[in-house]
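Model the full structure from these sequences, guided by the hints.
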Amino acid sequence: SKKLKDKRSSENGERPAGEQHKVLSAQRRRSFEDWLETTSITLTQVNGQRKYGGPPTGWIGPAPGPGCEVFICCIPRNMFEDCLIPLFQIVAPLYEFRLMMNISGQNRGFAYAKYGRTMDAEAAIRALHLHPLQGGVRLVVRLSTEKRQLCLGELPAGVSEEALLNMLRVVSDGVTGVIVREAGPRGRAASALVLYSSHYTASMALKVLVQAFKKQFGIFITVHWLSGSSKPRHYEREEVGALAYPGPTPVGQALLTPTCFQSVRAASHDPHPQHFSRSCNAVGCLRRVCELYGFGVPLYDVRYHTNTNGFLCVTYSVLVPGLPKPFCGAAKVFPCPSTNTMKDEAHHIAAKQVLKLYNVLIIQ
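Residues 1 to 364 (UniProt numbering) make up the sequence shown, in order.
Treat each hint with caution, since some may be false.
In the DSSO-like style, the derived pairs of lysine-lysine whose C-alpha atoms are separated by at most 30 Å in a straight line are [unchecked claim]: (1) Lys-207 - Lys-356; (2) Lys-325 - Lys-356; (3) Lys-147 - Lys-352; (4) Lys-325 - Lys-343; (5) Lys-51 - Lys-207; (6) Lys-147 - Lys-215; (7) Lys-207 - Lys-147; (8) Lys-207 - Lys-332; (9) Lys-147 - Lys-332; (10) Lys-51 - Lys-147; (11) Lys-352 - Lys-332; (12) Lys-147 - Lys-214; (13) Lys-215 - Lys-356; (14) Lys-343 - Lys-356; (15) Lys-332 - Lys-343; (16) Lys-332 - Lys-356; (17) Lys-325 - Lys-51; (18) Lys-215 - Lys-343; (19) Lys-325 - Lys-352.
Listed next, with one range per pair, are the computed distances between beta-carbon atoms [to be verified]: (20) Pro-321 - Ala-63: 21 to 27 Å; (21) Met-119 - Asp-173: 26 to 32 Å; (22) Leu-130 - Glu-291: 44 to 50 Å; (23) Lys-207 - Gly-135: 31 to 37 Å; (24) His-131 - Ser-25: 18 to 24 Å; (25) Gln-27 - Lys-343: 51 to 57 Å; (26) Pro-132 - Ile-41: 22 to 28 Å.
If you're looking for bench data, these hints aren't it; they were derived computationally from the structure. Computed from a prediction, not measured in an experiment: that's the story for all the values here. Glycine included, every Cβ here is placed at the ideal spot set by N, Cα and C.
Shown next, in the form of structure tokens:
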């Protein structure tokens with residue numbers, strides 16, 4: 001029996017398995033606390049996760065754009081940031097590190113590390129995927145999906161985008177765009193697509209919007225991720241095997257033509273590129289293409305800055321309602337002198353990159 005086994009272990013000078021685990025956990029906690037004290041690193045506990053940075057003290061540069069975060073799983077439950085943060089900082093400085101925690105004080109087996117550049121995230125995957133830990137365990141490291149879009153249902157018929165945007169900003173942070181889909185016949189409820197500035201702000205909104213709309217406005221709505229699943233992305237860990245990610249995914253591979261757009265191109269029966277005048281600009285062109293084939297108005301999430309050589313560096317995520325995932329990428333160009341603002345130019349670059357995928361050219 002277990003009691004007899006524990007008793008014999010004690011007689012032989014060995015600790016029972018349960019007691020060994022407690023001693024090991026206590027040692028790990030002391031090591032973690034000593035590390036916090038010696039490094040002066042600050043961790044913040046927020047809604048089941050412990051966060052470092054976002055940004056950390058002394059961070060120089062813009063906030064990271066899409067494609068800069070990696071998802072980490074198969075983490076031993078008694079491993080903490082004192083082991084994980086230094087490991088992932090070997091690759092490049094961390095902008096943010098989030099370890100998911102449960103009430104008992106153990107981690108939940110997965111975390112997210114965000115770097116300043118896409119190339120740093122890809123380097124982390126190459127260097128640390130299947131990295132060996134104690135007990136023969138290997139880390140799984142892959143690119144994070146960074147979902148930022150929520151679908152709202154059961155909205156009042158006739159609600160405007162401006163009114164909904166104002167309502168959302170009262171009860172949640174980080175709202176950057178809204179598209180309302182008109183109510184159907186007979187006054188059926190409307191629905192909306194909401195874009196947030198980050199996965200974190202979107203996941204926080206997912207937790208509070210139903211109750212907040214009920215309390216603040218007396219409206220009963222439904223909320224779920226754009227993918228159609230009500231589960232946040234960390235549930236994907238159940239599908240990850242030991243060899244789930246053989247290497248980094250280039251940006252181009254994430255932009256493979258969706259089936260629905262393949263059918264659009266086939267339907268045109270035109271092997272030559274479609275041409276649009278630069279005067280209509282890529283943003284207007286992409287909107288017209290989406291409207292032509294029954295898709296919604298594109299939503300843009302762009303980050304940009306100019307480097308010392310005068311190049312405009314842009315990272316972008318363009319969401320076309322009706323397609324399963326956003327288009328993400330990066331580009332570096334000289335700014336167009338005729339463009340009114342850097343933001344307009346960044347949007348033009350993002351739209352132009354998406355249009356290139358679908359054989360649509362902008363005449364300069």
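Verification of the hints:
no., hint, in the structure
1, Lys-207 - Lys-356, "violated (38 Å)"
2, Lys-325 - Lys-356, "holds (17 Å)"
3, Lys-147 - Lys-352, "holds (23 Å)"
4, Lys-325 - Lys-343, "holds (23 Å)"
5, Lys-51 - Lys-207, "holds (18 Å)"
6, Lys-147 - Lys-215, "holds (26 Å)"
7, Lys-207 - Lys-147, "holds (14 Å)"
8, Lys-207 - Lys-332, "violated (37 Å)"
9, Lys-147 - Lys-332, "holds (25 Å)"
10, Lys-51 - Lys-147, "holds (18 Å)"
11, Lys-352 - Lys-332, "holds (13 Å)"
12, Lys-147 - Lys-214, "holds (25 Å)"
13, Lys-215 - Lys-356, "violated (46 Å)"
14, Lys-343 - Lys-356, "holds (20 Å)"
15, Lys-332 - Lys-343, "holds (14 Å)"
16, Lys-332 - Lys-356, "holds (15 Å)"
17, Lys-325 - Lys-51, "holds (27 Å)"
18, Lys-215 - Lys-343, "violated (36 Å)"
19, Lys-325 - Lys-352, "holds (18 Å)"
20, Pro-321 - Ala-63: 21 to 27 Å, "holds (25 Å)"
21, Met-119 - Asp-173: 26 to 32 Å, "holds (29 Å)"
22, Leu-130 - Glu-291: 44 to 50 Å, "holds (46 Å)"
23, Lys-207 - Gly-135: 31 to 37 Å, "holds (34 Å)"
24, His-131 - Ser-25: 18 to 24 Å, "holds (23 Å)"
25, Gln-27 - Lys-343: 51 to 57 Å, "holds (52 Å)"
26, Pro-132 - Ile-41: 22 to 28 Å, "holds (25 Å)"
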